[in-house]
Amino acid sequence: MSDTAVASHPLVDGAVGPGCKKVDPIVVADGVTRQFGGLKAVDVEHVEIPRGQITALIGPNGAGKTTFFNLLTGFDKPNTGSWSFEGRSLARVPAFKVARAGMVRTFQLTKSLGRLTVLQNMLLGATKQGGENFFTAIVKPLWAKREDEITKRAEDLLTRFKLDAKKDDYAASLSGGQRKLLEMARALMSEPTLVMLDEPMAGVNPALTQSLLGHIRGLKEEGMSVLFVEHDMHMVRHISDWVIVMAEGRIVAEGPPETVMTDQAVIDAYLGAHHDEDLGEMEVELDLPTVEEAEAAAEKKHEQQEGNH
Amino acid sequence: MDWGTILGNAISQIASPTTAAYALAAIGISVHFGYTGLLNFGQAGFMAIGAYAFAIATLGFGWPVWAALLMVILASVVFAFILGLPTLRLRADYLAIVTIAAAEIVRYVVSTTGLTPVTGGASGLSGFSGGFYALNPIPEGTYGFGPFTYTADGWWVRIVGWTLVAIATVLVWLLMRSPWGRVVKGIREDEDAVRSLGKNVYSYKMQSLVLGGVLGGLAGFVFILPRAVQPGNYGTALTFFIYTLLLLGGAATVFGPIVGAMIFWVVLSLSNGIIVGLVESGIVSFLTPDQAGQIRFIIVGVALMLLVIFRPQGIFGNKKELSFSV
Ligand SMILES: Nc1ncnc2c1ncn2[C@@H]1O[C@H](COP(=O)(O)OP(=O)(O)O)[C@@H](O)[C@H]1O
Ligand SMILES: [Mg+2]
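Listed in order, the protein sequences are those of chains A and B. Residue numbering for the first sequence follows our numbering, beginning at 1 and increasing consecutively. Residue numbering for the second sequence follows our numbering, beginning at 1001 and increasing consecutively.
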């Protein structure tokens, strides 16, 4: 069971294990904690995210994944800790500056800007817009050229994400899955170095899941690093190069997807009280069919929620 | 009942300086609430600040009109910063509470007896508009036709008031079609999303608060040109009338504030004329003339309810935009 702890891996400098050093890290975090009342939601001693790879951050519900995302991206303040992005310290830097530094995130609960059109959503993602200055904004010729450039880029991205037909529709009229796609495409408008996706697959129609996975792979091919949260093992196995496992705020395991699922700490984290069950049964519980069911259920629930509105 | 006079009075409200002042204040609220999603419930406070800044600069310091107008703008900017600095980082409702309280504080402060030498206390200030009317280039006389017949000074105040409304409308239109407007509308929808895209949300909210506040201050200036400055005019009701007419016209629309202000004042004048007429001619005998004066506000309330039920997006608003529960 502890083979992973002594194994080596091309991404890792030294032995593989929770908090292991990476050959080429893009994010390095130290001693990051966040307390909510009596609950220590995040308690990360040391973690490094490899550059140019797809890293999955997994763990059961309530493990602290979203909170850790919020801390890294400046949407929440830690009690203690520091972290750097591309060697630059980002601790206590406001969220908008983190995004400008090239570390762009999406949200677990999609935040599409409903009463803006799909295209306007996209354009908002672009950086270096002179027209976003109050005084420049008044004189259109001063920003019209940049507007054309980013409109072109937005249309290309929308075509890639198969949203081009919807470009003049209000974002609120999109389906849940399309909103996830839009949010991802919008994040790409800023040409980020690290894309952080919080549960990109949650609530997405199974038909869209494949294309979402394809898009995430595409980001890596374009040289971006990806960190994504997912608690569905099947998805993780499919596309990630590296897996970091969180439970109760801590990093409990790390490794390549093929082997990390067999780590005792992961089994404990996922199965909780059932940790005396053997691996064979666990594989069954974590394998394919449940994934499809969960997807379908999530989509159904989402549709119901939409229906209620 | 003299229907001609009642109708004439009502129609003349379309161009009145008070309507212009309300339209200007409503353009400010459209920037705050309609485009940025900021709940400023203290627009009456901004109007009071503008009104007193102009009157005090003129009477107290003896400044010329242009300097007094700069004072109006400066005082509004400062007031916006005082309200925005502590609240714009917090949830939206904090701004609502702080603005409503601050507007009341302004009203109480200017009414205090201790400040009578400066603010005129409860009776307010008058006699500050001599300089403004001295700038009137129109020769003495009466011009116009039908209900739109005014003296030279009457024209002057309307020209200045509506020119300010026109400038504000064009400025807001230019801003809202620009990337700046896109950021601000994004903040209205979800400020965390906008933050995650690298925009300094706090700074944009402040810019919006200042812009709408300055328009409120200028509205205060236009409002006092035909009358005295009286603290009683700047109560919470004024802010809610401005919201009423804005929703009437359409909150995030170019012409909504203007048409909303015109309809608001025409309806108010018409209902008042009719009710007072009915009371005076003895057709309605159960109301005193005083009560009759109040009834029109009940009518406005009912009209607003009907509006919200049958045309929630306002006259110019886009129904589709409103049908999303976001
Ligand atoms: N704002 C908050 N206030 C109090 N508790 C919180 C808050 N945000 C998260 N938590 C708690 O912190 C823990 C981690 O939550 P979260 O980061 O959302 O987990 P995950 O994303 O891994 O499912 C949970 O127990 C959750 O209830
Ligand atoms: Mg989460």
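Derived by calculation from the structure, the hints in this document are not laboratory data. Hints may be right or wrong, so weigh each one.
Computed cross-link-like contacts, SDA-like style, restricted to lysine to any residue with a CA-CA straight-line distance of at most 20 Å [unchecked claim]:
hint, chain 1, residue 1, chain 2, residue 2
1, A, K128, A, K152
2, A, K128, B, N1200
3, A, K140, B, I1167
Note that the structure is a prediction, hence the values are computed from the model and not measured.
Taking the hints in turn, this is what the structure says about them:
At most 20 Å may separate the alpha-carbon atoms for a hinted pair to count; K128(A) and K152(A) meet this at roughly 15 Å. Pair hint K128(A) plus N1200(B) holds up; C-alpha atoms about 13 Å apart against a cutoff of 20 Å. The straight-line distance between the Cα atoms of K140(A) and I1167(B) is roughly 17 Å, inside the 20 Å bound, and the hint therefore holds.
In this structure, every one of the numbered hints holds.
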